[in-house]
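Novice: Both chains are given apart, each in its own frame, so use the hints to dock them into the complex.
So the sequence lines, in the order shown, correspond to chains A and B.
Count along the first sequence from 1, then add 94; that gives the number in the working numbering.
Count along the second sequence from 1, then add 1; that gives the number in the working numbering.
Just so you know, these hints were derived from the structure itself, not from any lab.
In this text, a Cβ means the ideal position worked out from N, Cα and C, and glycines have one as well.
Some clues are possibly wrong.
As the list claims (entries may be wrong) - Partial pick of chain B residues on the chain A-facing surface, computed with a CB cut under 10 angstroms: (1) Leu114; (2) Arg131; (3) Ala156.
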Amino acid sequence: MSGRRVVTAVNATAAIEGIVPGMGLADARALDPALLVEEADFIADAAALAKLAAWCDRFSPSVTSCGADGILLDITGCAHLFGDEAGLARQVRARLARQGIEARAAIADTLGAAWALSRFGSGVAATVPRGELWPALSDLPVAALRLEPELVALLERLGLARIGELYPLPRAALAARCGDGVALRLDQALGRAAEPLSPLPPKPLLWSRRSCPEPILTAEAIATALRELLQHLTRRLGEEGLGARRLSLAAYRIDGRIERIAIGTAFPSRDTRHLWRLFEEKIEQIDPGLGIEDLVLTAESVEKLAAAQLGLDGETARNDSADLAALVDRLANRLGMRALARPVLRESHIPERAVRFVAPLAEPQTPTRWNALQLRPVRLLPWPEPIEATAPIPDDPPLLFRWRQRAHRVRHADGPERIAPEWWRRDSPIGSGASAPESRDYYRVEDEEGQRFWLYRAGLYRPDSAPRWFLHGFFG
Amino acid sequence: MGEAADTARQERLADLRRYLAEAEGFGQAAAVLPFGAPAIDAALPWQGLPLAGLHEIENAGPAEEGGAAETFLAGILARLAPARPVLWCLRRADLHAPGLALIGLEPRRLVLLRASHERDILWAMEEGLRSRALAAVVGEIEALSTAASRRLQLAAESAGVTGFVLHRSAGSAAASAAVTRWRVAALPSVPVAREPGIGRPRWRVELLRCRGGTQAAWDVEACDATGIVAVSAALADRPALRQISAAG
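Isolated chain B (complex conformation) (with noise of 0.2 angstroms):
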């Protein structure tokens, strides 16, 4: 009698978990990037990042030493479909579009956005993400209030542009309304086939938060020219990485 009570509580959790998801606009019509990654994909409950929301994307270093997080989001961007321009909202003007153009992030689908205060970057991302011109909005915030996630996603949800949240470095977890949370972390690369300086360069891509999922972890082969990571075969099966985040 358990058993049978049990499958039946389960099978109407998954209803409910199915209902809420289309509720919220991320069913499974709602349009999907997928990683390409089986192993990141299976993870997320929409087997891809979900495109009509905000995501949050933290570097793992010192605010002034990034370049995993801006990679790991260049990768994204350059796969969105179709290719609509992205503004790029910023306080420091060190964004490098060469560097930008080898993950497959063309330079002319770039707007950039220069502001002062997170005031109006904060607004000037709202106005992207209500505009159907752009496939992406990206800003550079420190700190995201809750408020401020909340009025972002609703405007991204409204157009269907995505919404991204860059930090340059990690902390500041306030509750957010965003749909995922990431960290990239540079880890050191692995030597190709013992040729000397550096081999391919790798990154530790932490979820750490998703609506409606669980938190997971990732060793990662960086962008390649197609923006496309690759979970790197050596340590795809390890079950222990997601042990770790998840306890952590």
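Next up, chain A with everything else stripped away, as it sits in the complex (with noise of 0.2 angstroms):
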């Protein structure tokens, strides 16, 4: 058989010639000489499906691919969104006839059933009540349920065409004839038998759309949509005890691009205006294109969030913490998380470990208090800065010293503190690296104008070598 080629896909005007998908090409072009073929491309293929599929969750906030030519969508809980299931199913069936692409739509209880009336179906869209899968199915090839093309042949040759034949069959003989993969498949379509639509069920996700009658262009328009989105979510996150951490807007064009942006909040919140504020300086990152047809705003992470507390005055009761958190929300939206610290005192003489930088809602740490003993300059240089110091006396502050260009004659100085090196670490900044960790000898001086620096030695005196000086801060 290498070296036949066969038709793997076919449009609706193929279709009507009689050409079917598993016809050796010769046959095709027998058919109709002017047949327009392309080559295969199975990679692209399920590249495009993913593509497609990703784009249907605007429909449902469960999409997934399902085998090489298929979408399915788990519609628990959305179908009122477009009025019922069949509105459903038309509105997806017209938004893909607006992208060119031809699709058979059928809305089931069971995956089975679902996937079986969609390909084997007698219209293009099919709405299965509850309760009347049966009749629905009985109709159908046994093909539609999802076998191998062996067992299809097998219980074709037994006579079995179609699903309803099969109903009424004890499922001992059924089993001995065809093995349990028949039973199973049929107790799938029917309902009978579990079947998870993914390894594991997604949690519910909190999301809310809106389908916008005319594409919507400006920021204005985006705006206006996104307010409507907020308050129908907050309000759902509000029933349940919940509030975001992280929300986003997926914005679908008509040219079947979608825009996202996303914002995260350090603790769970469903403030409407503040939610709205984050969103607010994101929404010109918004490329319409030639227009945005439909908006979906999902909770893609939520916390519990317990119902606020209302003061006697019916007011929500005034929240330091929570204002704070707003604020910090607000800051770092537009900044970057890392811009904010609050910085935490540490038990380290080494002055540039003596500070620790936390999240800047970051628990209150129990008052640490500064021994007020160590005198410590309020502007500290991020690295020691080399000065040229003329201290003719070891063991004594400099009389003068230039940094930057500038001379500073010293006319009063308090010291030496010595900092010794923490040698029990690897990482200290005072002697790290391969040379042999060395002291500091630390002095606050003044002067002439009144300026007061801390300064340091490097290492102990040695008669045989120069000091070395450096600037490490400046106290008021």
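Specialist: In structure tokens:
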């Protein structure tokens, strides 16, 4: 069979001519010499299908591609947004048609039934009411049960062409003839056997969707729609006792592209105004292209959030930490979380290590008091800077030093305060690397104008080598 | 006749000043933080620093050698009540929390924000001033434009959060909507009882601009552990100082 070229897919026009998948290319050409043939590219098909599945997540938060030619939507709890189930199927097909994609749709209680009806049903769109699976499936060919081709051939040889013909057969006889596969598939289609839609059922997502009667183009129109979506979603969050940590807005353009923006919060929130302000900054990032037809707001991450306490005046009680969280969210949303920090004093004598930075909303620490005997500058250079210093007497502060082209004559000095290296730490900034750990002798000095500096001499005084001096900070 | 008319005029002027002060939100009822140094408080129309407003503080020396203005400011922040957090927006991360803690400004009250552009700092300051979560917002700005100062002043008035613009060096005298502008310069310390070493640190604090007030200057002892400055006893009653700055 090698070298035989086979039709893998056909469009509606070719189907009318009688060309079907599985037919040899030569036979197809014989039916219509003008047939337009494209090489099959399964990898590109799979990629396109995955993209289309992503595009479909405007209809339901749970979408997967299904086989090589299908997309499966779990529409539990979604249909009411589109009127009813039939309305949803109509909208899906209409939206796909606008993309130039012909599609068949089926809605049923089981994956098996939806699969069967979408591929073998008589109409382009089928909706099976609850409890009517048996009659709906009975006329379909057995191939609609997602069986291996050999099993289909076996059933047909046995004279069992339609699914309905399997209904009266004793299960044991069916299993004895065809193995467990047929019985299982039949049970799955009829809802007698459970079939999870995906290995892990997704957590119930909270989302809110808005379809635009006319494609929208302006930031104002997006803003108006987003405000409505937020109001709806925060109400839902309130009903569930939840707050959002992460929200994303997907804007579906009429050209099939999807624009997304997302915001995050430090604490769960369902405050419409606060969430709106976070989004407000980012709306301009959405490129509407030729227009946006759908907007979907999804709470991607939620956490429990108790109902707000009401004060006696009916207003929400003031809450400083919530106000601070709201402010931090706004600042971090624009400047990045790393732009914000809270200093925490640390028990280390090494000036560079005396402060640790924690997240701005970290749990409040017990107040740490700095030992008042250890005078520290208010400005500390990130790295000590070498200075030229004239210090004629060993173990005395310099009389004169020069830093950044400015000479300072020292009038008064305090010190030294010897700060020894933390030899037990490998990453100690003092004496790190290959050199031996070095202590520092710090001096507080005041120049003629009254400016007060923090200087140190690296290492102990040695008569045989010139001392190295550094400037490290400024006092008030 | 001239004298009576003069008195009437003075009274009318005083009335107008009071009216303007109240219209601007700095009436007697508005929240004020006294310095605790009578000489300074007396020079301010509000007997202290009005809290719902913007204040500018600058260092006298070159930008890279600050310290005095930061410490003066930290002393004010340490005494703000209630002790809500302070948002301090800076461009260089060289603020040292242990040094501030020695003046009474607890590190846990500090929320530091580092931004590389001044426009981001202005934006963050405005956001902070409109938030009710903070006691004060500090922004390190080189040159504050008149328009930016107006925006910040309005934001500070609206939520009652105190705004401080910290200039690391002197200069940039653009018209400003800020309520006050201060300059702080280090002065040689006064030796303590012939002991060697650095004595009590001192500053020259100048009130360069004050809405409804006049310029003034004081030599003070730098903030103590509770953030309070003291006008040097030996210099407090020298009227010459005020004349110097009024002339300059």
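Novice: Okay, which hints does this one fail, numbers in order?
Specialist: When the structure is compared with the hints, only number 3 turns out to be violated.
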